[in-house]
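Counting from 1, one number per residue, gives the positions in the sequence shown under the working numbering.
Among the hints, a few may not be true.
Stated by the list, open to error - Computed spacing ranges between beta-carbons, pair by pair:
#1 Gln-33 x Ser-242: 43 to 53 Å
#2 Ser-253 x Arg-193: 14 to 24 Å
#3 Glu-178 x Glu-29: 33 to 43 Å
#4 Lys-45 x Glu-171: 25 to 35 Å
As the list claims (entries may be wrong) - Only pairs whose alpha carbons sit at most 20 Å apart, straight line, appear in this in silico SDA-like list of lysine to any residue:
#5 Lys-45 x Gly-11
#6 Lys-45 x Ser-247
#7 Lys-45 x Pro-63
#8 Lys-45 x Gln-86
#9 Lys-75 x Pro-61
#10 Lys-45 x Leu-275
#11 Lys-45 x Pro-12
#12 Lys-45 x Glu-35
#13 Lys-45 x Thr-312
#14 Lys-75 x Pro-12
#15 Lys-45 x Thr-30
#16 Lys-75 x Glu-35
#17 Lys-45 x Ser-253
#18 Lys-75 x Arg-319
#19 Lys-45 x Leu-249
#20 Lys-75 x Asp-97
None of these hints come from the bench; they were simulated from the model. We treat Cβ as the ideally placed atom computed from N, Cα and C, and that holds for glycine.
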Amino acid sequence: MRAMRFGRFGGPEVLEEADVPDPSAGPGETLVQVEAAGVNFGDIKQIAGEHTDGPYAPQGPLPRIPGMEVVGRTKAGQRVLGYVPQGGYAAKTVVADRHLVALPPGMGAGEALAVLVQGLTAWHLLRSVARIRPGESVVVHAAAGGTGSLLVQLAREFGAGRIIATASSDEKRAFALELGADAAIDGDAAGYRERVLDANHGHPVDIVLDAIGGPVLDAALDTLGYLGRLVTYGVSSRQTASAIAPSRLAVDSITAAGFWVIPLIVRNGAGGAELAELLDLTARHRLRPLVGAEYDLARARDAHEDLLGRRTKGKLILRP
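Start from the sequences, fold in the hints, and give me the full structure.
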């Protein structure tokens, strides 16, 4: 079968197309004929060797096939969505039954893939970590991206009072406004505090959701009001933020938290009430997952380069 794999750690250039044997399903597993595979920053970290240790790291020797999420069909013909720790960038993959869910009729592959890793991330950022309350102000960084675009919509669904989106271009900011943001601003660190406060009518904000890190994360702390919450869930800038002084958090009663969805999926399984809610909202068109570019499986390098270069909007998918 066709697959994209890497035999050494590095950037997108280490991905190579290969013809590999079909995988075999064991007890509690299902073989899935892959219709489409999702592309995530986690895949980039995987091939870079950044997730080589710990209980959630991909297992086995190199070469490995990356990819964490797939849409496809079982041998019985059922169309499914599934999470895999690795192996998604292939024509076939094996999915643990606890990580497999049936798809609503007519749902697009890109829509379904968008609500798995990225959708569950957005749901838990707002509900489990930031614990959003009705009427609160929410700042969403990289709001035109896969997770950011879902955060804007879910924040509205969950009762946010004011949603401020940040994005790197006029086009992306306009798109964030279409999704339901009340304001959209440049997310650059320089002048960040002034732009956010101005967008919130001069008031500090309640919640900031950050996947950029570095100076942007530092600047975001200065925009939070009393009992404000800053949640970091990625470092797309690959820049280090300054250490957060406990005294600063205490004086303003600020919470700084982190979140990574993979351990939660591994512990609880992908199929659950949260994913069911996301699929239902999508099927009823109350949630509009943004499907970005589609690439042939052999162009996985291009997909990774585009994602790293911040040239994308929404969910990127590979077609084997």
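Cross-check of the supplied hints:
1. Gln-33 x Ser-242: 43 to 53 Å: holds (48 Å)
2. Ser-253 x Arg-193: 14 to 24 Å: Because 19 Å falls inside the window, the suggested range holds.
3. Glu-178 x Glu-29: 33 to 43 Å: holds (41 Å)
4. Lys-45 x Glu-171: 25 to 35 Å: holds (27 Å)
5. Lys-45 x Gly-11: Given pair Lys-45, Gly-11 holds - Cα atoms ~9 Å apart, limit 20 Å.
6. Lys-45 x Ser-247: Violated, at about 33 Å.
7. Lys-45 x Pro-63: Given that 20 Å is the threshold and the Cα spacing comes to 15 Å, the pair holds.
8. Lys-45 x Gln-86: Satisfied, since the Cα-Cα distance of roughly 12 Å is no more than 20 Å.
9. Lys-75 x Pro-61: violated (28 Å)
10. Lys-45 x Leu-275: violated (24 Å)
11. Lys-45 x Pro-12: The hint holds at about 10 Å.
12. Lys-45 x Glu-35: violated (24 Å)
13. Lys-45 x Thr-312: holds (18 Å)
14. Lys-75 x Pro-12: violated (32 Å)
15. Lys-45 x Thr-30: Roughly 26 Å separates the two Cα atoms, so the pair is violated.
16. Lys-75 x Glu-35: Status holds; Cα separation ~13 Å.
17. Lys-45 x Ser-253: violated (33 Å)
18. Lys-75 x Arg-319: The given pair, whose Cα atoms are some 19 Å apart, holds under the 20 Å limit.
19. Lys-45 x Leu-249: The hint is violated at about 30 Å.
20. Lys-75 x Asp-97: holds (14 Å)
Checked against the numbered hints above, the structure breaks hints 6, 9, 10, 12, 14, 15, 17 and 19 and satisfies the rest.
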